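Asker: As given, the protein sequences belong to chains A and B, one line each in that order.
Okay, so the first sequence: first residue is 79 according to the working numbering, each after it adds one.
Okay, so the second sequence: first residue is 734 according to the working numbering, each after it adds one.
Since the hints were made in silico from the structure, they are not lab data.
If you want the ones that stay clear, here's a sample from chain B, every Cβ over 12 Å from chain A, calculated:
no.: 1; residue: G770
no.: 2; residue: W787
no.: 3; residue: P790
no.: 4; residue: H807
no.: 5; residue: S851
no.: 6; residue: Q1059
Partial pick of chain A residues on the chain B-facing surface, computed with a CB cut under 8 Å:
no.: 7; residue: L247
no.: 8; residue: G335
no.: 9; residue: P337
no.: 10; residue: G356
No more than 30 Å apart at the CA atoms, straight line, and that leaves these computed lysine-lysine pairs for DSS-like:
no.: 11; chain 1: B; residue 1: K919; chain 2: A; residue 2: K233
no.: 12; chain 1: B; residue 1: K1020; chain 2: B; residue 2: K900
no.: 13; chain 1: B; residue 1: K1204; chain 2: A; residue 2: K151
no.: 14; chain 1: B; residue 1: K1101; chain 2: B; residue 2: K1126
no.: 15; chain 1: B; residue 1: K1202; chain 2: B; residue 2: K1174
no.: 16; chain 1: B; residue 1: K1194; chain 2: A; residue 2: K151
no.: 17; chain 1: B; residue 1: K793; chain 2: B; residue 2: K856
no.: 18; chain 1: A; residue 1: K151; chain 2: B; residue 2: K1202
no.: 19; chain 1: A; residue 1: K233; chain 2: B; residue 2: K976
no.: 20; chain 1: B; residue 1: K1054; chain 2: B; residue 2: K875
no.: 21; chain 1: A; residue 1: K151; chain 2: B; residue 2: K1195
Model, not experiment: these values are computed from the prediction.
Ideal placement from N, C-alpha and C gives every residue a C-beta, glycine not left out.
Residue-level listing of the chains:
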Amino acid sequence: MNTTTAVPAAPALTAGETIRRSDRRLGVLMLAPALIYIALLVAIPFLLALVLSLTNSSAGSLEFSFVGLQNFKNVVASAVFRRALWNTFVFTFVSQLTVMVLGNVLARALMKPFRGKGLARFLILLPWAAPISLATLGWLWIFDSTFSVINWVLKVAGWLGPGQWYYWLGDTTLGMVAIITIQVWRMLPFSTVILLAGLTSIPNEVREASAIDGAGLFSRIFRIEIPMMRPILTVAVLFGVVFTFTDMSVVYLLTRGGPYNSTHVLASLAFQEGVLGGDVGRGAAVAIFLVPVLVILAVFMLRTSRRAEVV
Amino acid sequence: MQTRRQFVVRGTTLVAVGAAATAAGPTIVVRDARAAGQLKVLQWAHFVPAYDKWFDPFAKEWGAKHGVEVTVDHVNFAEVVPRATADVAAQSGHDIHMFIGLASAFEEQVIDLTDVSSALEKKYGKPVELAHRSTYNPFTRKQFAISDMWVPDPGNYHKEIWTKIGKPNGPVSYDDLVWAAPEVKKVAPQMQIPIGIGLSQDIDSNMAVRNMLWCHGGSIQDKDGNVVLNSPETLRALEYAKKLYSVGMTQAVLSWNAASNNQAFNAQETSYILNSISAYRTAQDNKLPVLDHYFFVPALKGPTGTQLASEHVMSGYVIWKFSKNQDAAKEFLVGLIDASRESMLASKLYNFPSYYGAAAEANTPLNKKSESGAAWIAAQCNKDPFGSNPPDKLALLAKSLPWSTNLGYPGFANPAEGEIFDTYVLTDMFAKAATGALSPKDSMMEASNRAKEIFTKWRQKKMVPGGGKDK
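The following block holds chain A by itself, in its conformation from the complex (with noise of 0.2 Å):
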């Protein structure tokens, strides 16, 4: 006698579940190139960073001990690495804000229409695309302490007397200037670009609803208009604080860091240290630094944008 007992077939699912399980599915499979590009050449890189940071390792050895943090002791008390981590919040700081203001003024200018604006709009894309050890060729003679030719501009037109002359890349404060104004030249497209698109997404029944209101250019504009554009605004300043807070190209061709390790930001003194010096663990310290910050502006940021997708 066959005493098999039935198994209770499984209930059949339902069209609307084999559509959600083929979606996760498909939804796993089309995020997984850009998680395993992350995964691995952001998570692994870092997690070894941080490994390495503990550590002597040296560029010439693949052998190292684990030294605590004595790495990080040892840079903290280097009054480079101090003047490094200053530079890199004057830097970040101040070529985000003067990209936002002059983002904004491009983005009303390109908001109207004129002649030539297509061609204006390409000049306008070009320091984005163009490489930036190419472009940074270019500012290096247009900086150049013996050869500038802002200094010969100023000089001919009676700026400059005799024996004065700007050491823009000699001088530390001026050296800083010049850094900040090609991260300025470089961001400024892409800014551009992100503030016109939030400024276009703002409905015109507003801006004429606020005319009617009486409300003036700037009332407009800082009362209305950024308020609407929050989220864009944030993901712009977020991309903005971030490339440029973790950017060390400039720096690197344009000064290397002088005169006398003044114009370091972190990211170039990480590279010094690290790969040019050969003391991996304390490069990886130096650079190691950024990630808090990094860590707190994208939180705030993040915050900032939820906050007011939600109002």
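On the provided structure of chain A, position chain B as indicated by the hints.
Answerer: Relative to chain A, chain B alone:
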């Protein structure tokens, strides 16, 4: 008919499969070419472009004769160390890596070339002392590199200007520079920088500040590897730099890169620089107005008569431990030394052989080879085959060996000296003292502490001697 969802799923799957195939393909299809006899060389892009035009065909021809396919990659000089770091981290890349400064930091990752060095000595005699001190570590007793060439670092001066101020043969001592600076300003007010000695974070400045330091009796280490930067002699050098900067330089020199002093001299914006003959050859190639006034002097003397200059460039060829063709690599290095005459001529006398004996006349007995090689070198310098006017303009280079020395003087080159070089500890010390950013004493102490930190670290790795007598 497929739905949009089905299309997206199939398309995504196809892309994923394609990407996987692309990644896997080469590992399946291509055999390891190294097994077939390949040699990859990483070489700097020479400051005299004509040299690379000789080197690349030389390497190919050598390879063809020896059944090896030789590939040469040229990188900017600033990329030499980062590329080495990358190759070591990946444990693959090139077989031979040419350093133009100190290769000693990578000692652990390279093979011992004592056999090559011994073979070359048996063939040509000993290398010049500064090449030996740049490629051998007496602490670990390892010949970590082979040098085929070094480059003298003479003073380059503007003869017309110096004649006007009463010194037609140029400066002899560092005090001459301090004396000359205000005189140059009077006779050539258009010159932006009367004395063009760099104090910036670049290779030329690194050499220049070491020259100043040594000629004033100071040094980073003593001959036994103890850090002795904190000394009255160093202070004297810094006081000198401060004086020279105040009378003869501007902030421009704080921003110079490796090409800046060349550019300034060729544009007649300065009357004196420390440089190899690369700037001169550029002036020749481009027939610049400065050419007729372009002359050379030996290393300057310090206050006690010490006359020393660092080599401007010292080649150090290493063979990585991960190289799969180490024997061929060793033979290549020997072949390169064999071609020392051709190398010197191809570089327009920029390269000086590290083995003088390799430039000797054929059939010269071993004990006379260095002498014969020196005679040949002198013959080239005394009558420049590349059109100097007068023909003996470069004659002083033939006598440059006595006043040329290695990075690490008075000791051997080592990884700590290399790290101090590559992180600009010394140029910063001089720049801060010269500009008043720090007092000379504070500047010296800051640099000394950093130097001791670096030396201590490398001593813990047992690659650098000394420590008991650090100042």
